[in-house]
Amino acid sequence: MTARNDDLAGFERRVRAVLEQDAAGASGRVRSRLTQARHVALAGARARREKPSGRLLWPRAWLPATVTAAAALAAVWLLRPYRTAQPPAPGIVTAQDVQLLTDRDGLALVEGGNGEFYEWAVAQARSTPASAAGKAGPGKHGG
Amino acid sequence: MDLPNSNAQTLERTLGLFLASVELKAFRIARAALRHEDDALDAVQDAMLHLVRSYAHRPPEQWKPLFYRILENRIRDMQRRRSVRNRVMSWLPFAADGDDTADPIAEAVSPQMPPVRRLELDESLAALERALAALPRRQQQVFLLRTLEGLDVAQTAHAMGCSQGSVKTHYFRALRALRAQLGDLE
Numbered sequence: 003m004t005a006r007n008d009d010l011a012g013f014e015r016r017v018r019a020v021l022e023q024d025a026a027g028a029s030g031r032v033r034s035r036l037t038q039a040r041h042v043a044l045a046g047a048r049a050r051r052e053k054p055s056g057r058l059l060w061p062r063a064w065l066p067a068t069v070t071a072a073a074a075l076a077a078v079w080l081l082r083p084y085r086t087a088q089p090p091a092p093g094i095v096t097a098q099d100v101q102l103l104t105d106r107d108g109l110a111l112v113e114g115g116n117g118e119f120y121e122w123a124v125a126q127a128r129s130t131p132a133s134a135a136g137k138a139g140p141g142k143h144g145g
Numbered sequence: 109m110d111l112p113n114s115n116a117q118t119l120e121r122t123l124g125l126f127l128a129s130v131e132l133k134a135f136r137i138a139r140a141a142l143r144h145e146d147d148a149l150d151a152v153q154d155a156m157l158h159l160v161r162s163y164a165h166r167p168p169e170q171w172k173p174l175f176y177r178i179l180e181n182r183i184r185d186m187q188r189r190r191s192v193r194n195r196v197m198s199w200l201p202f203a204a205d206g207d208d209t210a211d212p213i214a215e216a217v218s219p220q221m222p223p224v225r226r227l228e229l230d231e232s233l234a235a236l237e238r239a240l241a242a243l244p245r246r247q248q249q250v251f252l253l254r255t256l257e258g259l260d261v262a263q264t265a266h267a268m269g270c271s272q273g274s275v276k277t278h279y280f281r282a283l284r285a286l287r288a289q290l291g292d293l294e
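Here the protein sequences come in this chain order: U and F.
According to my numbering, the first sequence is numbered sequentially starting from 3.
According to my numbering, the second sequence is numbered sequentially starting from 109.
For the record, the hints were derived by calculation from the structure and aren't laboratory data.
All the pointers check out, no bait thrown in.
Listing some non-contacts, in silico: residues in chain U with all C-beta distances to chain F over 10 Å:
1. A76
2. R82
3. F119
Partner residues are not named here, just some residues of chain U that face chain F (Cβ under 8 Å, in silico):
4. E14
5. L21
6. E22
7. Q23
8. A28
9. V32
10. L36
11. L44
12. R48
13. R51
Partial chain U-side listing against chain F, Cβ under 10 Å, derived:
14. D9
15. L10
16. V17
17. V20
18. D24
19. S29
20. T37
21. Q38
22. R40
23. A43
24. G46
25. A47
From the three backbone atoms N, C-alpha and C, an ideal C-beta is built for every residue, glycine too.
One chain only, chain U, in its complex shape (with noise of 0.2 Å):
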């Protein structure tokens, strides 16, 4: 058993010298397209690490963020009617209620106690959509 392992530790030994000299003299082609490949190996990263802003320009590195940018604003864009939609909260003073209290005229009609003449002009609108303009109210109209 010792024998055999001596004899393939000894052929072991004679192929990996036949496959290092060969490796040793290899042609001048193969060491100088090596040589070559070694070279622009090197170089590649050396162009990286002297220019790193220039990868900050590579259209590539950009679309993850140009993506997000345009998501963002997509969302903004369609949440913006919903958010304009909404009633403003309690205690806050809009422009509208400013107007709506300054308007003399509005309030008079909300304050004349003409409900009787509305309910007239409605009941009349229903019942001759076509006439209704055309036929006096009853007894208190105006303010």
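Starting from the known structure of chain U, fit chain F onto it as the hints suggest.
Relative to the frame of chain U, chain F by itself:
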């Protein structure tokens, strides 16, 4: 003094030395697997680029198994692509091998070796290449990584993406098969 730049230059120099130390053996391993010199050179170049681009920041002691892992993947990709290409090309009546004629000057070996020794080596190598080519691919790669590159069992397992037990089995079977075919290799 710009310390980061100095560190980067040191790293680049270390990487250059590492690549110079493995390139010929890597080429030899790739050529044994691909049986084509230019394909082997392309595979080694790709492995160099990938290592420098993606793993240069790793500790240098990890570079060798990583480099051979990349090379192994590249060899496998090229073999698959070649297999597909051969299947496609076999259907074409005008398919040819192309101009693979070697330039005798460019192919000239290093003048450091005496011609007689070179001839003997070529004969041994031709026999070894035939025997290696007859091995299953995994056995072939494990054998070359262990014998030529000198990776230990753990490093070979990492490079091949398999278990250490598998490496030992592949290696022993490869050694026994080669021994049976080659007898006393001189």
